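Protein chains in written order, with this note's numbering: chain A, 1 to 508; chain B, 1 to 508.
Quick caveat, the hints were computed from the structure, so don't treat them as lab data.
Do not rely on the hints blindly, as some may be mistaken.
Copies of the same chain look alike in the list, so a pair counts if it fits in one copy or across any two.
No farther apart than 30 Å at their CA atoms in a straight line, the calculated lysine-lysine pairs in the DSS-like style are these [said to hold, decoys possible]:
#1 K206 / K505
#2 K169 / K145
#3 K472 / K145
#4 K88 / K206
#5 K372 / K36
#6 K305 / K243
#7 K224 / K308
#8 K472 / K485
#9 K243 / K505
#10 K88 / K308
#11 K243 / K308
What you are looking at is a predicted structure, and each value in this text was computed from that prediction instead of being measured.
Number of protein chains: 2
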Amino acid sequence: MHAIQQSPVSSKTAASQSIHTSNQEESERIASFVMKNTLPTVVVQGLGFVGTAMVAALSIAQHSDGTPCFKVIGVDVDSEQGQRKVSKINAGKPAIVSSDHNIDQAIQCGWGEERLMATTLVDAYQYADVLVIDINLDVQKWYDKNELEYDVDLSIYRKAIESVAETIKENALVIVESTVPPGMTEEVIYPIFEAAFERRGLDILKLSLVHSYERVMPGANYLKSITDYYRVFAGMTPSASVKARRFFEQFINVDEYPLTELASPRASEISKVLENSYRAMNIAFIQEWTEFAEEAGVNLFEVLKAIKRRTTHSNIMAPGFGVGGYCLTKDSLLADWSKTNLFGSASHLEKSIAAVHTNDQMPLHSFGLLKKALGSLENTSIALLGVSYLNDVADTRSSPADTFYEACMAEGANMLLHDSFVSYWPERKLNVSNELEAIGAQNPEVVIFAVRHSEYLQIDAESLYRLFSSAKVIVDANNIISDEKASCLSGKNIRLIGVGKGHWKTLL
Amino acid sequence: MHAIQQSPVSSKTAASQSIHTSNQEESERIASFVMKNTLPTVVVQGLGFVGTAMVAALSIAQHSDGTPCFKVIGVDVDSEQGQRKVSKINAGKPAIVSSDHNIDQAIQCGWGEERLMATTLVDAYQYADVLVIDINLDVQKWYDKNELEYDVDLSIYRKAIESVAETIKENALVIVESTVPPGMTEEVIYPIFEAAFERRGLDILKLSLVHSYERVMPGANYLKSITDYYRVFAGMTPSASVKARRFFEQFINVDEYPLTELASPRASEISKVLENSYRAMNIAFIQEWTEFAEEAGVNLFEVLKAIKRRTTHSNIMAPGFGVGGYCLTKDSLLADWSKTNLFGSASHLEKSIAAVHTNDQMPLHSFGLLKKALGSLENTSIALLGVSYLNDVADTRSSPADTFYEACMAEGANMLLHDSFVSYWPERKLNVSNELEAIGAQNPEVVIFAVRHSEYLQIDAESLYRLFSSAKVIVDANNIISDEKASCLSGKNIRLIGVGKGHWKTLL
């Protein structure tokens with residue numbers, strides 16, 4: 001009996017948690033939960049962003065006669081954060097804060113009907129009819145003299161899989177839902193099960209191993225992005241695919257969103273990272289045209305609207321402050337790692353990697369415009385409006401605000417932070433104001449709109465001036481200020497700079 | 001009185017043309033044509049691919065009461081080719097061969113009603129109420145040690161504009177419809193008119209100068225791609241825009257395809273080259289994933305189908321043989337030239353240029369696969385199926401077949417050429433067979449499907465084998481052969497190679 005991904009400090013942390021019972025007691029609690037009814041048991045490994053939504057979706061899955069499909073056990077690591085998530089689920093609440101109340105309701109429903117529990121004990125795996133792997137496989141990324149370097153360390157992920165392989169039932173359905181380097185399920189995960197099953201005297205052919213990927217998005221449709229969206233999957237064997245299809249049909253609206261079955265897990269794995277690389281690359285491509293439009297005095301947003309009339313060009317991206325989140329900032333690196341490490345290729349995914357690089361540097365474009373306008377930023381008070389990476393969502397994972405913040409701090413600026421949804425920025429360990437008035441009252445010399453939150457879009461021209469009359473420069477890095485509002489600010493001694501808005505040079 | 005773009009040999013060439021009348025006679029012919037009725041005269045400068053479609057569209061434009069809107073004069077250069085085009089129009093036929101019979105009918109209509117003529121004399125410009133500039137601005141492109149180099153020479157284009165500026169009416173509407181480096185209308189063309197008008201004692205403010213771009217596509221909807229598609233335009237002045245809008249409304253179905261007016265000619269110019277750069281870049285992006293899929297044994301077409309379910313990803317491109325045509329192969333270079341030469345930028349459109357480079361090299365990927373399969377290509381007979389750059393169209397401009405052909409010839413291969421639509425390859429000065437049977441009868445050792453012509457898609461598995469039973473290798477570079485057909489060929493001693501079809505490694 002051991003906890004997954006156990007770190008050296010975790011037992012101490014666990015001991016300090018009054019809610020943590022002994023392993024023996026917890027083990028009995030799991031066994032008693034499983035005995036409560038004969039519903040199939042689904043174990044979700046990892047209660048992060050995807051795992052939480054999966055636990056919610058599975059909790060409300062029901063047959064056509066209204067009876068529930070599953071009982072669900074969420075498992076997370078035995079760390080302070082893992083314990084916190086587990087406690088939340090065990091109190092009928094989501095492990096992740098979200099603006100989608102359907103998640104709360106779904107979890108409340110499963111918990112209330114005693115069909116949902118969570119634990120940090122790997123004991124749970126032995127009961128799984130279906131095990132869904134939702135643990136993150138992180139990429140270490142850094143810059144060395146403006147060269148993007150990265151590393152993928154499989155060891156933690158491998159250990160987590162090993163803990164499953166040691167305890168799982170022979171005929172379980174195991175679904176790898178993590179974004180992994182293509183080839184991982186076949187070349188790394190399957191061999192782990194193969195070795196463990198041999199040791200355990202089990203028949204590996206009875207196991208059903210599948211890769212499938214979600215397309216979960218934070219925000220108001222968090223739950224629906226699992227239950228009402230297209231899903232891709234592929235089994236190691238035809239029978240694994242059949243079992244997976246039946247499982248997905250129970251909680252996904254497949255009538256409206258038919259499942260896509262691919263030929264092999266590696267195809268499903270490539271599909272996921274290609275999707276995100278496509279998007280990252282299209283954003284990076286627009287960045288060089290953003291700079292061109294600024295040089296040429298052209299409003300790129302107007303141009304893009306003209307281009308998007310063509311359905312063949314409808315996916316073209318817009319200028320912006322930067323790219324954040326968990327996927328677009330790293331998935332191309334997973335693919336590149338796989339290409340060279342799992343498939344022995346001599347060549348890299350050069351364009352895809354370059355796109356990640358460009359996107360990582362994007363906030364420095366806004367920073368550069370600001371620097372050019374003011375010369376020095378020393379002791380300049382800068383109001384950074386928006387630390388989330390996504391509009392109308394409280395999500396600071398890999399937020400571009402971080403790069404901008406760091407660059408300003410290195411210049412000796414004083415930063416004022418605002419976000420409509422975020423009140424604490426965990427990556428920076430900083431409080432964030434939710435009150436624009438409070439930011440305005442501190443008379444910032446620079447205001448930068450970094451995220452397209454509705455609150456910012458709704459500020460009228462008069463309020464904009466009233467709030468920030470102290471500003472020498474306002475940077476609109478996300479198409480927040482319309483030309484109409486911009487023209488109201490002319491003659492007010494505020495310099496307006498817009499990313500992708502080259503025409504403002506002549507307008508103001 | 002002088003001909004546009006007159007080359008040193010053109011007068012001799014002209015003299016050798018029995019159809020060429022004296023300048024005096026031709027001048028009188030134009031004057032008499034113009035006097036025939038009071039309809040506004042539209043002169044189209046350049047009877048190439050776009051100019052021909054414009055002449056056709058303008059010929060059939062009519063008011064709501066059914067009366068015609070314009071009389072039209074097409075002008076081309078006084079060269080052998082120009083003379084040929086002019087003669088064709090003057091015989092009621094299109095200057096460019098096309099599969100769209102609507103073009104033939106439209107030109108027949110205008111010619112039959114004596115509202116359409118063509119000439120090589122610049123005399124015509126003086127009569128223009130509207131002058132549409134449809135002459136090409138070419139880019140010189142070459143590779144120096146695998147580095148893409150290019151040059152844009154404005155001199156010929158400038159001379160053509162000068163010939164207009166010297167003769168045009170003061171209050172004419174001049175529409176630059178050529179794809180030009182962004183900034184060209186404002187920074188190069190306008191100053192030419194300004195200088196000429198000053199010399200001529202005319203008021204430049206009375207001239208209406210506009211940039212507008214078409215989205216003409218060869219093929220069955222050639223005419224409709226002018227009359228029934230979205231159009232973008234921008235005038236140097238508000239009144240120029242108003243005049244242009246009225247003009248477009250007379251021959252474009254603006255109810256279904258509303259016009260898009262941009263703020264400045266440079267915005268319209270950027271829009272055009274960005275559209276094409278977007279497409280070129282997306283093709284180049286997929287090329288690196290094509291190679292990855294082949295290495296990983298994955299069918300990328302299957303993966304792309306899964307990804308395209310998402311409307312946010314519907315523009316993702318597919319693997320293929322290469323990129324050709326007049327636009328995608330050079331428009332990013334025009335943009336880059338403008339960025340550094342007209343707007344003084346220190347940085348290049350790196351990603352866009354790299355995409356053109358990648359696409360230019362694409363046919364060498366198919367060549368590489370073939371080389372890897374056979375070792376040497378010396379004295380190998382290779383059937384190249386498709387020399388056009390586009391499916392079901394006879395268009396060899398910048399065709400990727402050229403690069404492939406050259407590489408094979410350099411290895412000492414014997415090339416057999418087939419195309420469903422092309423019977424003469426002008427760039428190579430070679431005849432091309434339209435008979436697959438005739439190609440098969442020559443027992444090629446290699447067959448490569450290079451274009452997605454319908455004829456190729458319709459070959460069934462049995463015919464495929466019957467036609468090419470002599471082949472050691474068949475390369476499917478454009479997703480011509482389905483997996484079903486491919487499996488019928490297994491065991492036949494033919495090696496199948498598919499671009500982007502990594503799964504064929506295991507299939508066969």
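Task: Intra/inter-copy verdict for K472 and K145 if alpha-carbon distance must be at most 30 Å - done: This pair counts as neither: shortest intra-copy Cα distance 33 Å, inter-copy 50 Å.
- [ ] Since the copies are identical, ignore which copy is meant and state whether K305 and K243 lie within 30 Å (CA to CA) inside a copy, between copies, both or neither.
- [x] between (45 Å within a copy, 23 Å between copies)
Task: Intra- versus inter-subunit Cα pairing at 30 Å for K169 with K145 - done: neither (50 Å within a copy, 59 Å between copies)
- [ ] Could you figure out if K243 and K308 sit no more than 30 Å apart (CA to CA) within one copy, between two copies, both or neither?
- [x] Between copies only: 25 Å across, 41 Å inside.
Task: Homo-oligomer pair classification [K505, K206; C-alpha up to 30 Å] - done: Between. Shortest inter-copy distance 27 Å satisfies the 30 Å Cα cut-off; intra-copy 67 Å does not.
Open item on the list: With identical chains, the pair K88 and K206 could be close in the same copy or across copies; at 30 Å between alpha carbons, which is it: within, between, both, or neither?
Closed with: Neither, since 35 Å and 74 Å both go past 30 Å.
Task: Same-copy or cross-copy closeness of K224 to K308 [CA-CA at most 30 Å] - done: Intra 27 Å, inter 19 Å, cutoff 30 Å: intra and inter.
Task: 30 Å Cα threshold - placement of K308 relative to K88 - done: neither (44 Å within a copy, 37 Å between copies)
TODO: At 30 Å max between alpha carbons, let me know whether K472 reaches K485 within a copy, between copies, both or neither.
DONE: within (17 Å within a copy, 68 Å between copies)
Open item on the list: One pair to classify: K372 and K36, alpha carbons no more than 30 Å apart. Within, between, both, or neither?
Closed with: neither (67 Å within a copy, 62 Å between copies)
Open item on the list: Treating 30 Å as the Cα threshold, decide for K243 and K505: within, between, both or neither.
Closed with: This pair counts as between: shortest inter-copy Cα distance 27 Å, intra-copy 60 Å.
In the structure shown, a violation is registered for the earlier hints numbered 2, 3, 4, 5 and 10, in ascending order.
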